[in-house]
Amino acid sequence: MFKYEKKLPYPIDIKRKDIKMAKFIITQFGGPNGELGAFLRYFSQKFTMPTAEGKALLNDIAVEEMGHCEMICTMVTQLLKGATVEELMENGLSANYAEHGMGIYPSDSNGFPFTAASLQSIGNPVADLAENMAAEEKARVTYEHLIDMTNDDDLIDPLLFLRQREVVHYKWFKELYKKYKKMGY
Amino acid sequence: MFINIDDDYFLKYYGTNESEKTKFSSNSDKYLDNKMNYYSKKDNYKKDILNPKEGLNIGNLFYDSYIPYKNYKPRELVAKNEKEHFMLKIQELCFAQNDLNLYLDLYPNDQEMFNLFRQYTLESEKLSRIYAEKYGPLELNQDTGSEYMWYQNPWPWEVSK
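Taken in sequence, the protein lines are chains A and B. The numbering of the first sequence is this note's numbering, which starts it at 1 and goes up by one. The numbering of the second sequence is this note's numbering, which starts it at 186 and goes up by one.
Bear in mind the hints are in silico, worked out from the structure with no lab data behind them. Since the structure is predicted, the reported quantities are computational estimates derived from the model, not experimental observations. Please note that a few of the clues may not be correct.
[Said to hold, decoys possible] Pair by pair, the computed Cβ-Cβ distance ranges are:
1) A/Glu90 x B/Asp233: 46 to 54 Å
2) A/Lys181 x B/Asn326: 37 to 45 Å
3) A/Tyr97 x B/Pro293: 47 to 55 Å
4) A/Asp13 x B/Lys258: 32 to 40 Å
[To be verified] Taking lysine-lysine pairs in the DSSO-like style, the calculated list, with each CA pair at most 30 Å apart, reads:
5) B/Lys311 x A/Lys6
6) A/Lys138 x B/Lys265
7) B/Lys255 x A/Lys171
8) B/Lys258 x A/Lys174
9) A/Lys182 x A/Lys138
10) B/Lys319 x B/Lys268
11) A/Lys81 x A/Lys179
12) A/Lys46 x A/Lys174
[To be verified] Coverage of chain B stretches by chain A, computed from C-beta distances (three or more under 8 Å per stretch; other residues unrestricted):
13) 233 to 245
14) 248 to 254
15) 269 to 277
16) 284 to 293
17) 302 to 309
18) 333 to 342
All C-beta atoms in this analysis are idealised placements derived from N, C-alpha and C, irrespective of residue type, glycine included.
If we strip away everything but chain A, and leave its shape as in the complex, we get (with noise of 0.2 Å):
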């Protein structure tokens, strides 16, 4: 089972309103490289790892990614904090309020739903790893992209914190792939 922490992993505390950042960072929660889908990805492998590392090592990740899933609504809250219909209209987000007013939702940059199409539980470790190694790649990528489009430290900051987190997980599953291929997978 899981139990909810009430507290951040990293602090967020962002002054300036940033319609626009938000409209793009919303990705990182349910776009096909955000942090919904890497939950969802190691949550569902982890139940075919077959030794005891592997398991723990797939459902440890997991779960950090449900923090990370908070981070991002997070921000995303108080960037929009305050905007009023017209602002938004003005930045790009008039579909987004037709659709969601001004609740969360999980979509990508341009308001396509989130969709577990966009990852893969294939019941074998080394496929699996192979996977979650290039979705991290992938995350880091779009977190790169993210911090190139603002210059506001308050935001620049947590975006670096959760890249990094990306090349951490890589680096594990790297690790576990590799053992996993030596003992024949």
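Since the structure of chain A is provided, determine the placement of chain B on it from the hints.
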């Protein structure tokens, strides 16, 4: 002013003993400090392992695998008040615990690293309990005071003013 939780007095005086707690608050000025060198004594387990504060700042406890982006360098995390200071310490310790957790999943027999994991786990649990008493529960099972506190604002996505 911050309570110095950067030295051993902090955990000692915030033990389970009620009278010790009172002693701490009445003498707290003695321990006020913002040097944040709490972890420095314990840094030498392995030389490429950062302390929890540095680790949280860059998102990676294992400096040899840190890959920066371009020339970006995250600013140092700074707390604005005592509540934030407590929270930041908890976040640092939980971060270190989490990163060691992933390492230990693949290297469960590294006793030296497990000792470090255990130390940070115990410290974060202690601090979390102190935080819960002062500011409200971080976990549901800490909500054991005289009234229900869990639902109260702020939630983590809200900036507390």
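Results of checking the hints against the structure:
{"no.": "1", "hint": "A/Glu90 x B/Asp233: 46 to 54 Å", "in the structure": "holds (49 Å)"}
{"no.": "2", "hint": "A/Lys181 x B/Asn326: 37 to 45 Å", "in the structure": "holds (42 Å)"}
{"no.": "3", "hint": "A/Tyr97 x B/Pro293: 47 to 55 Å", "in the structure": "holds (50 Å)"}
{"no.": "4", "hint": "A/Asp13 x B/Lys258: 32 to 40 Å", "in the structure": "violated (18 Å)"}
{"no.": "5", "hint": "B/Lys311 x A/Lys6", "in the structure": "holds (16 Å)"}
{"no.": "6", "hint": "A/Lys138 x B/Lys265", "in the structure": "violated (35 Å)"}
{"no.": "7", "hint": "B/Lys255 x A/Lys171", "in the structure": "holds (19 Å)"}
{"no.": "8", "hint": "B/Lys258 x A/Lys174", "in the structure": "holds (26 Å)"}
{"no.": "9", "hint": "A/Lys182 x A/Lys138", "in the structure": "holds (26 Å)"}
{"no.": "10", "hint": "B/Lys319 x B/Lys268", "in the structure": "holds (9 Å)"}
{"no.": "11", "hint": "A/Lys81 x A/Lys179", "in the structure": "violated (47 Å)"}
{"no.": "12", "hint": "A/Lys46 x A/Lys174", "in the structure": "holds (16 Å)"}
{"no.": "13", "hint": "233 to 245", "in the structure": "holds (count 4)"}
{"no.": "14", "hint": "248 to 254", "in the structure": "holds (count 4)"}
{"no.": "15", "hint": "269 to 277", "in the structure": "holds (count 5)"}
{"no.": "16", "hint": "284 to 293", "in the structure": "holds (count 7)"}
{"no.": "17", "hint": "302 to 309", "in the structure": "violated (count 0)"}
{"no.": "18", "hint": "333 to 342", "in the structure": "holds (count 4)"}
The structure does not agree with the numbered hints 4, 6, 11 and 17 stated previously, though it agrees with the rest.
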